[in-house]
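Number of protein chains: 2
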Amino acid sequence: MSALRKGIATVSLSGLLPEKLATIAAAGFDGVEIFDNDLIASPLHPSEVAARCADLGLTVDLFQPVRDVEGVPPEGFRRVLHRLERKFEIAQQLGAPVVLACSNVSPDAVDGPALRAAQLHRIGELAQEHGLVVAYEALAWGRHVNRVWQSWTAVQDADHLAVTLAVDTFHLLARGDDAAALDGIPGDRIGFLQVADAPMLDMNVLEWSRHFRCFPGQGTLDVAGVVAATLAAGYAGPVSLEVFSDVVRQAPPTVTARDAMRSLLFLEDQLTGALPAVAAQEAAFVELAAPPDDPQVKGTLEALGFRLAGVHRTKPVTWWRNGGASLVLNGQETGHGRPQALGLVAPSVAAVQTRAAALDWPQLQRTRGADESALPGITAPSGVHVFVSAPAGAPDDWRSDFRADTSLGDSGWLGLDHVGITVPPDRLDEETAFYRILLGLRPGSLQEFIQPHGRLQSRTLRPASGGLRIVLNVSQGDGASAGARGITQLAFGCADAAREVGRLRAAGVALMPVPDNYYDDLDAAFDLDPQFLGLLRDHRLLYDADARGGELLHAYTMPCEDGFFVEILERRGGYDGYGARNTHVRLAAQAAA
Amino acid sequence: MSALRKGIATVSLSGLLPEKLATIAAAGFDGVEIFDNDLIASPLHPSEVAARCADLGLTVDLFQPVRDVEGVPPEGFRRVLHRLERKFEIAQQLGAPVVLACSNVSPDAVDGPALRAAQLHRIGELAQEHGLVVAYEALAWGRHVNRVWQSWTAVQDADHLAVTLAVDTFHLLARGDDAAALDGIPGDRIGFLQVADAPMLDMNVLEWSRHFRCFPGQGTLDVAGVVAATLAAGYAGPVSLEVFSDVVRQAPPTVTARDAMRSLLFLEDQLTGALPAVAAQEAAFVELAAPPDDPQVKGTLEALGFRLAGVHRTKPVTWWRNGGASLVLNGQETGHGRPQALGLVAPSVAAVQTRAAALDWPQLQRTRGADESALPGITAPSGVHVFVSAPAGAPDDWRSDFRADTSLGDSGWLGLDHVGITVPPDRLDEETAFYRILLGLRPGSLQEFIQPHGRLQSRTLRPASGGLRIVLNVSQGDGASAGARGITQLAFGCADAAREVGRLRAAGVALMPVPDNYYDDLDAAFDLDPQFLGLLRDHRLLYDADARGGELLHAYTMPCEDGFFVEILERRGGYDGYGARNTHVRLAAQAAA
Chain A
1 MSALRKGIAT VSLSGLLPEK LATIAAAGFD GVEIFDNDLI ASPLHPSEVA
51 ARCADLGLTV DLFQPVRDVE GVPPEGFRRV LHRLERKFEI AQQLGAPVVL
101 ACSNVSPDAV DGPALRAAQL HRIGELAQEH GLVVAYEALA WGRHVNRVWQ
151 SWTAVQDADH LAVTLAVDTF HLLARGDDAA ALDGIPGDRI GFLQVADAPM
201 LDMNVLEWSR HFRCFPGQGT LDVAGVVAAT LAAGYAGPVS LEVFSDVVRQ
251 APPTVTARDA MRSLLFLEDQ LTGALPAVAA QEAAFVELAA PPDDPQVKGT
301 LEALGFRLAG VHRTKPVTWW RNGGASLVLN GQETGHGRPQ ALGLVAPSVA
351 AVQTRAAALD WPQLQRTRGA DESALPGITA PSGVHVFVSA PAGAPDDWRS
401 DFRADTSLGD SGWLGLDHVG ITVPPDRLDE ETAFYRILLG LRPGSLQEFI
451 QPHGRLQSRT LRPASGGLRI VLNVSQGDGA SAGARGITQL AFGCADAARE
501 VGRLRAAGVA LMPVPDNYYD DLDAAFDLDP QFLGLLRDHR LLYDADARGG
551 ELLHAYTMPC EDGFFVEILE RRGGYDGYGA RNTHVRLAAQ AAA
Chain B
1 MSALRKGIAT VSLSGLLPEK LATIAAAGFD GVEIFDNDLI ASPLHPSEVA
51 ARCADLGLTV DLFQPVRDVE GVPPEGFRRV LHRLERKFEI AQQLGAPVVL
101 ACSNVSPDAV DGPALRAAQL HRIGELAQEH GLVVAYEALA WGRHVNRVWQ
151 SWTAVQDADH LAVTLAVDTF HLLARGDDAA ALDGIPGDRI GFLQVADAPM
201 LDMNVLEWSR HFRCFPGQGT LDVAGVVAAT LAAGYAGPVS LEVFSDVVRQ
251 APPTVTARDA MRSLLFLEDQ LTGALPAVAA QEAAFVELAA PPDDPQVKGT
301 LEALGFRLAG VHRTKPVTWW RNGGASLVLN GQETGHGRPQ ALGLVAPSVA
351 AVQTRAAALD WPQLQRTRGA DESALPGITA PSGVHVFVSA PAGAPDDWRS
401 DFRADTSLGD SGWLGLDHVG ITVPPDRLDE ETAFYRILLG LRPGSLQEFI
451 QPHGRLQSRT LRPASGGLRI VLNVSQGDGA SAGARGITQL AFGCADAARE
501 VGRLRAAGVA LMPVPDNYYD DLDAAFDLDP QFLGLLRDHR LLYDADARGG
551 ELLHAYTMPC EDGFFVEILE RRGGYDGYGA RNTHVRLAAQ AAA
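Protein chains in written order, with UniProt numbering: chain A, 1 to 593; chain B, 1 to 593.
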């Protein structure tokens with residue numbers, strides 16, 4: 001397969017038309033769809049827009065949309081032709097070879113195949129006179145034509161070469177169809193292909209489309225399947241993004257354009273496997289920005305049970321370990337002991353670098369000494385640096401850069417269970433795409449929690465295999481840690497939560513208080529053995545159980561001023577969640593802190 | 001009818017439990033529903049909560065909710081009884097006489113009337129042992145019980161005095177039922193009444209409930225009808241607000257509590273007509289904060305065609321008039337010539353004062369000279385002051401405070417067509433309630449527009465009769481006028497828009513540019529007479545037409561730095577809209593300014 005011709009509709013970006021075109025070109029797109037309202041509101045004449053695009057190296061692939069053009073009561077069709085003639089002239093001036101026509105949404109639309117065919121045929125004649133092709137699209141909320149098979153039937157009935165089918169992944173998939181709906185449609189009858197993804201939401205499809213579309217890889221629709229089917233049919237035109245959402249409308253166009261280009265590169269990779277596959281598997285370490293000899297940070301780490309495990313061979317960097325959990329103190333960074341980077345095991349390291357370069361994710365420039373492991377660093381949209389290590393023992397294992405203290409035993413915590421990263425509401429899609437597209441993690445659905453002063457949304461990301469768990473959090477409202485950003489939570493797994501919280505308390509670590517009422521609720525909800533309930537109550541442990549007998553025991557430290565906190569958790573019997581039933585208790589305690 | 005017993009659920013407010021209780025008491029509520037999660041997360045023992053409420057003068061009306069208690073597979077019912085016994089003990093400690101039980105939402109719920117009846121009967125026995133009553137509620141998304149007739153059938157079948165019906169206006173109305181669904185249900189079998197309103201939205205009812213509930217008077221559900229039917233049946237318990245939404249979760253609890261209390265006073269007034277009716281009819285004037293002799297402001301007014309029409313008898317206030325449009329310059333206020341107050345004709349003035357006092361809308365304290373008209377001023381949530389005048393010629397007509405220049409003719413503009421007021425997203429419900437509850441205006445549905453850097457939502461408010469039009473705007477995103485607040489638009493009606501924009505240009509008023517492309521689109525869309533299109537193009541007028549032949553011709557001034565602008569419009573043939581098709585052109589021009 002040759003490289004996709006990559007396009008995007010101007011409606012997908014915020015801003016004014018000249019800025020949009022420049023931003024689209026700078027992001028590396030081949031072509032553009034001109035959205036009529038962008039043109040109407042612009043002082044640029046269509047021929048000036050055409051010249052501007054040519055200067056920028058962009059083809060004008062489509063002019064869109066014309067609406068309510070077929071199924072029109074016959075007495076009104078002359079007005080439609082007048083309207084189309086004017087718009088076709090503008091398409092000519094723009095140099096757009098294709099005009100998108102949406103299926104009629106008017107309550108007055110007439111549902112007659114013969115009338116529709118005759119009107120589309122006449123429209124085809126008019127388009128042909130202007131040297132144009134019309135691509136007819138079944139809007140998911142069209143009055144009579146809202147499924148792709150209906151629009152394809154209409155195109156066949158129209159029986160005119162200038163009337164072609166428009167395929168839009170959102171409209172097709174939103175109505176529950178899939179790639180099979182395109183079976184038997186010849187590619188040369190498909191006039192245009194628009195792509196958009198979306199999260200699964202049970203709501204009016206028009207509102208869903210207006211507010212929640214996103215770029216391929218950010219949602220859950222099988223965009224790649226529909227695109228693959230369209231290409232397999234022989235369609236050779238551009239693959240063009242048409243995405244609008246509450247997020248995109250407010251995001252800077254440069255951010256959106258980069259995000260959009262990455263999504264098409266991801267789509268291309270899904271279709272061709274051109275990029276090397278990556279599957280992040282495990283958390284390796286968390287890096288804190290602190291001088292290795294900072295007494296306060298050292299004191300905190302020691303209280304948590306971490307011990308100095310190694311010293312970097314060439315840099316002012318130390319490695320601290322509590323059993324299987326590793327922290328790294330980096331004295332080259334400033335950040336008051338806050339976590340700022342995450343080390344992951346993700347074979348292969350070279351593949352991650354190749355993907356990051358191809359997908360335009362910025363790589364950190366760091367000096368690398370002779371014999372040091374590669375450990376490339378890539379910055380996520382949240383600002384968190386992600387370092388990629390080979391597995392233990394392999395070349396490029398991050399540990400090989402340290403002179404390890406071999407006397408340190410392996411007892412202690414099991415490892416880093418999950419990492420909580422907080423992002424602003426309008427960056428969640430982009431952060432999700434980072435872990436999904438670059439590192440091969442799979443996003444879960446969005447969970448929502450009430451906070452005392454707002455709401456919290458969470459989405460987990462996990463690999464197909466491996467223990468890595470990343471939790472993305474969005475906090476809305478003006479709560480205590482409303483401004484928290486980046487890594488805000490480190491959750492460590494242990495084999496005996498009661499023993500660990502006892503040890504932490506003895507070491508002077510301030511743990512989050514849990515109200516007595518909580519234990520009365522546990523008693524009500526789970527009918528626990530009184531002795532076990534007493535253990536939980538005595539240790540102020542939170543508890544959850546799943547339907548299969550799995551159990552979670554966990555506790556939190558009090559948050560720092562900037563909202564950062566540590567969790568200790570014990571999973572029993574295959575418990576696979578995060579204690580969602582207890583989140584409101586944590587949020588209330590944090591708000592009270 | 002005696003006064004309603006007014007209650008509210010703690011889940012309706014943001015914050016932590018002690019703060020919620022204090023805020024609820026301060027707003028004047030009689031009682032409170034304790035939401036279980038608020039209690040679980042609180043260090044206060046239930047008996048301490050009871051004492052706190054007693055100290056605050058609040059009755060604890062309800063403890064809520066217990067979930068998934070009926071239709072439970074028999075082998076699991078023992079666990080349910082254990083859970084209920086614990087929760088009933090807590091209700092006793094709280095002093096709550098009623099516990100709310102929601103219909104089962106579990107996919108495993110069993111759909112058998114006999115099992116449901118037997119389990120509810122057993123629950124009734126347990127409740128009675130604790131001196132409690134259970135109120136059983138049909139959640140709109142219950143697995144088998146989701147309509148009020150189903151829950152009433154279950155209550156009858158349970159055949160136990162301690163099992164009663166819970167009526168929730170949201171759940172009842174959201175499923176398309178209305179007050180008639182309560183026909184024949186005796187009031188003494190209704191154990192609790194919860195009230196919430198909502199805007200009409202076509203979406204999953206659970207998401208609708210979670211994110212978009214609002215207080216009565218802020219939405220479009222017939223809350224008053226259901227409450228009236230419940231009271232008519234003989235229900236004598238509290239009327240209790242249970243409202244959660246994305247707005248309420250983030251709003252300060254004091255704001256929410258005041259809003260909530262106003263909504264119950266409004267509801268009470270709808271039921272009893274206890275407060276005097278008010279119907280604002282016309283715009284009287286707009287007040288600008290500026291010294292009467294400010295040369296810049298005077299220059300602008302003169303360029304717009306306003307002339308000095310009168311001088312206040314006692315204050316440094318002048319009246320400027322352009323035909324039927326009046327502006328007032330108030331030198332006692334500071335605000336750089338910005339509009340800050342709106343005068344309305346709303347009979348009777350005394351009635352508005354009575355309503356404002358009863359509904360806790362703050363009245364401005366202003367000195368009133370002997371023989372001056374009453375002209376009470378009330379501050380809307382947006383900060384806009386609304387002054388209320390009697391009609392022309394009546395006592396308390398605002399004009400009677402001025403020594404008028406009787407030589408000034410009546411030619412000029414027709415009047416103030418509409419006023420645009422911009423509010424933050426989280427204050428739209430409250431601002432809507434101000435005009436609806438206090439002044440009797442009727443809200444329209446929410447319209448949405450794309451802005452170059454975000455989105456704009458608009459809602460109109462109009463009286464049942466009279467020409468007053470208020471447009472509330474919410475701007476999201478960081479566009480040019482993102483921080484604009486208060487009165488941001490004054491739209492004046494005229495008889496000949498082309499003549500007026502010609503006159504304004506000649507007077508040096510900077511009007512908003514309209515691109516040539518816009519006129520090509522007008523030609524395409526409306527197939528206008530070429531001469532008329534030429535007139536529109538020459539005068540750079542915007543245009544719209546409705547299906548009945550009504551037409552709008554309009555133009556805008558360039559916005560000030562803070563986003564304020566003036567519109568001149570000509571309505572022809574009964575055109576009743578606001579030119580929504582042109583809003584994107586205005587927003588683009590304003591973004592480019």
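Hints in this document: simulated from the structure, not taken from any laboratory. Any given hint could turn out to be false.
To be verified - Residues on chain B that point at chain A, a partial pick, calculated with CB under 8 Å:
| no. | residue |
| --- | --- |
| 1 | Phe402 |
| 2 | Gln476 |
| 3 | Asp527 |
| 4 | Ala588 |
Note that the structure is a prediction, hence the values are computed from the model and not measured. Here a beta-carbon is modelled for each residue, glycine too, at the ideal position from N, C-alpha and C.
Checked hints:
1. For the restraint placing Phe402/B at the interface with chain A, the shortest Cβ-Cβ distance is roughly 43 Å, beyond the 8 Å limit, so the hint is violated.
2. Annotation: interface hint on Gln476/B holds; nearest CB of chain A at approximately 7 Å, less than 8 Å.
3. Nearest Cβ of chain A to the Cβ of Asp527/B: about 5 Å, under the 8 Å cut. The hint holds.
4. The criterion of a C-beta within 8 Å of any C-beta in chain A is met by Ala588/B, whose closest approach is roughly 4 Å, and the hint holds.
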